[in-house]
Amino acid sequence: MSIDVLAIPQQPTRWQQFKDTHLFHSFSRDRVAMVSFSIFVLYLLLALFAPLLAPFDPYDPAMMDIMDSEIPPLWQEGDVDERFWLGTDAQGRDMLSTILYGTRTSLMIGLCAVALQMLLGIMIGLSAGYFGGKIDSFLMRVADIQLSFSTLMVAIVVLAIFQASFGAELYADLAVIMLILVIGIAEWPQYARTVRASVLAEKHKEYVDAARVMGFKSSRIMWRHILPNTLSPILVISTVQVANAIISEASLSFLGLGMPVSQPSLGSLISSGFEYIFSGSWWITVIPAVVLVVLVLVMNLLGDWLRDVLNPKLYKG
Amino acid sequence: MIAFTIRRLLQALVVMFVISLLSFSIQDNLGDPLRELVGQSVSEAERQELRDELGLNDPFLTQYLRFAGKALQGDLGTSYFFKQPALDVILKKLPATLELVFGATLIIVCLSVPLGVYSAIKPHSWFSKTVMGLSIIGISVPVFLTAILSIYLFAVELNWLPSYGRGDTVAIWGSWESGFLSIDGLRHLLLPCVSLASIMLPLFIRLIRSEMMEVLESEYIKFARAKGLPLTRIYFLHALKNTMLPVITVGGVQIGTMVAYTILTETVFQWPGMGFLFLEAINRVDTPLIVAYLIVVGLIFVITNTLVDLIYGLVNPTVKLAEGKA
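Going down the list, the sequences are from chains A and B.
Just so you know, we're using numbering that gives the first Met the number 0 here: the first sequence kicks off at 0 and counts up by one.
Just so you know, we're using numbering that gives the first Met the number 0 here: the second sequence kicks off at 0 and counts up by one.
Source of the hints: derived by calculation from the structure; they are not laboratory data.
Do not rely on the hints blindly, as some may be mistaken.
[As the list claims (entries may be wrong)] Covered stretches of chain B, going by a simulated chain A footprint (3 or more residues, C-beta under 8 Å):
hint: 1; stretch: 143-154
hint: 2; stretch: 233-244
hint: 3; stretch: 252-263
hint: 4; stretch: 277-291
[Stated by the list, open to error] Computed far set for chain B versus chain A, every beta-carbon distance over 12 Å:
hint: 5; residue: F3
hint: 6; residue: T4
hint: 7; residue: I5
hint: 8; residue: Q47
hint: 9; residue: D51
hint: 10; residue: K91
hint: 11; residue: S124
hint: 12; residue: G184
hint: 13; residue: R205
hint: 14; residue: Y219
hint: 15; residue: L228
hint: 16; residue: P229
hint: 17; residue: D308
The model shown is predicted, which means the values in this text are computed figures rather than measured ones.
Ideal placement from N, C-alpha and C gives every residue a C-beta, glycine not left out.
Make the full structure from the sequences, and use the hints.
Structural data, given as structure tokens:
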């Protein structure tokens with residue numbers, strides 16, 4: 000004799016839960032978002048596995064041969080070389096390899112700088128919004144003033160002065176850290192304002208009062224209870240911030256204040272190709288430029304899509 | 000309003016003070032003024048004597064006060080490279096940079112308002128969609144890249160426009176030589192101004208569009224429509240007025256940002272302005288010139304921001320209430 004076992008409703012897995020969200024639903028209906036996201040993932044993979052994928056090592060001077068310099072890409076007419084699909088730059092480096100490594104450097108600097116911005120901004124924004132009063136008005140005044148000086152200006156001045164006082168060679172070794180620090184510190188107000196605005200909206204809700212009555216410490220309430228509710232605006236500005244950080248890094252490298260030519264980022268690749276544009280070697284500039292623009296564009300498109308879907312109340316003004 | 004003005008001016012003074020302090024510590028730590036004066040052949044004892052004489056061994060505060068006192072009289076030291084007062088060198092290059100910013104602002108104002116308003120009124124037309132699509136590409140291309148690519152296209156490939164310098168300029172007043180008054184000068188201005196405008200223009204189109212769309216949803220616009228006012232009157236008189244309020248604040252900040260971007264455009268186009276001069280000064284470790292640039296640009300930032308805030312306070316009476324509560 001058998002007993003019919005009642006079908007116990009299974010706990011939905013994480014993946015199924017995610018598939019039911021509004022976010023996934025609108026993602027699967029938006030072709031632009033899907034294409035942008037796939038391109039972004041592709042970039043991440045290429046950057047991550049650049050050392051395995053690149054046919055040459057652009058950091059190794061032994062691989063460079065000046066006889067190979069300024070070879071056009073394969074599809075061009077003229078002296079093409081089977082080894083170099085995208086041609087070579089003025090020093091005889093394979094463009095494909097330098098671009099792979101350059102993307103890796105640019106993305107790493109962009110992501111790390113934004114992580115730093117986020118950390119600083121969340122800490123400052125949380126305390127300003129939660130404690131209020133004098134601390135709040137002081138911190139927000141500082142944020143206003145810092146935002147009124149453009150990031151690029153501050154970064155140019157700070158890096159220029161470091162370069163002048165360290166000398167170019169020592170500076171080249173420190174360039175990655177300096178870029179992350181400068182771009183990271185200059186943009187914290189963006190996060191601080193956004194986080195503060197959502198904290199102000201959250202902090203008088205009942206669950207916060209309940210947590211307080213239960214005797215939790217302020218730091219626990221801030222990080223464990225309020226912060227998770229401010230995540231969607233943070234997500235929205237993060238994509239745009241990464242795009243901006245990558246642009247800033249490229250601009251600084253273009254001015255010679257960022258990555259040196261020996262460890263190129265996309266910006267310094269464009270910069271080193273610039274002088275050859277007049278002699279007709281356009282690919283040294285144009286190919287890395289296209290790679291950079293597509294990366295920034297997909298990040299901006301993703302940011303726009305997230306903004307439309309999550310529709311957070313972003314701090315304006 | 001008076002209290003607001005005074006508080007805003009005080010803040011401007013504090014910011015200027017911090018900038019001067021920073022500039023001074025740069026001057027104090029970057030390079031050695033003695034080396035520039037006497038070279039290598041002077042003995043250590045003589046050097047010390049000279050240091051005392053020049054006041055380089057005085058305490059920090061005394062030195063700062065001397066620096067600030069001189070700075071207030073317009074004396075920011077002598078450029079090591081040009082052997083001229085640093086402020087004069089900067090001010091001689093100022094018109095070139097200002098003309099660049101002016102040209103770019105002109106392009107931005109003339110294009111962003113009509114395009115932004117149109118794409119807010121008719122968000123679904125193909126034209127608005129094209130404008131929005133182009134504007135997101137626009138904000139994704141860095142300024143220096145727009146500059147490089149426009150040189151490649153218009154100067155190298157098509158050979159229509161010049162790729163560097165200011166061309167013929169006409170002297171108007173004092174050392175102010177304008178490129179706006181000659182055909183050649185205008186041809187030289189075109190590419191740099193368009194490149195400089197290229198990143199701000201999409202930003203403003205998007206801002207004006209989203210503000211305008213928000214305003215069009217509001218009660219008073221619905222009421223105006225219900226009253227049967229002509230649509231053009233509603234759009235351009237009632238709605239546009241409130242749309243422009245946030246645009247003014249953002250605009251003020253962006254003028255400062257534009258000064259930063261002039262460094263990029265001036266480098267690409269070898270435009271003889273302040274930004275190009277600043278980068279050269281960095282490469283030559285010409286400390287007085289670096290400091291003078293920082294102070295002049297800091298002053299431009301502070302003045303524009305203060306003015307924008309004050310204008311905003313004048314045109315938007317609710318600012319006073321918000322300030323009073325905070």
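Do the hints match the structure? See the list:
1. 143-154: With 6 residues in contact (Cβ-Cβ under 8 Å with chain A), the coverage given for the stretch 143-154 of chain B holds.
2. 233-244: violated (count 0)
3. 252-263: That given contact holds, which follows from 8 residues of the stretch 252-263 of chain B lying within Cβ reach (below 8 Å) of chain A.
4. 277-291: holds (count 5)
5. F3: F3(B) is indeed farther than 12 Å from all Cβ atoms of chain A, at 14 Å.
6. T4: Non-interface label stands for T4(B): nearest chain A Cβ at 17 Å, farther than 12 Å.
7. I5: Check passes; 15 Å lies beyond 12 Å.
8. Q47: For Q47(B), whose nearest Cβ neighbour in chain A is about 23 Å away, the distance exceeds 12 Å, so it holds.
9. D51: The claim holds: D51(B) sits with its nearest Cβ about 25 Å from chain A, beyond 12 Å.
10. K91: holds (21 Å)
11. S124: Holds: least Cβ distance 19 Å, greater than 12 Å.
12. G184: Holds, since 23 Å exceeds 12 Å.
13. R205: With a cut-off of 12 Å, R205(B) comes too close to chain A, as the shortest Cβ separation is near 9 Å.
14. Y219: holds (20 Å)
15. L228: holds (28 Å)
16. P229: Answer for P229(B): holds, closest chain A Cβ roughly 30 Å.
17. D308: violated (9 Å)
Hint check: violations occur at hints 2, 13 and 17; the rest are consistent with the structure.
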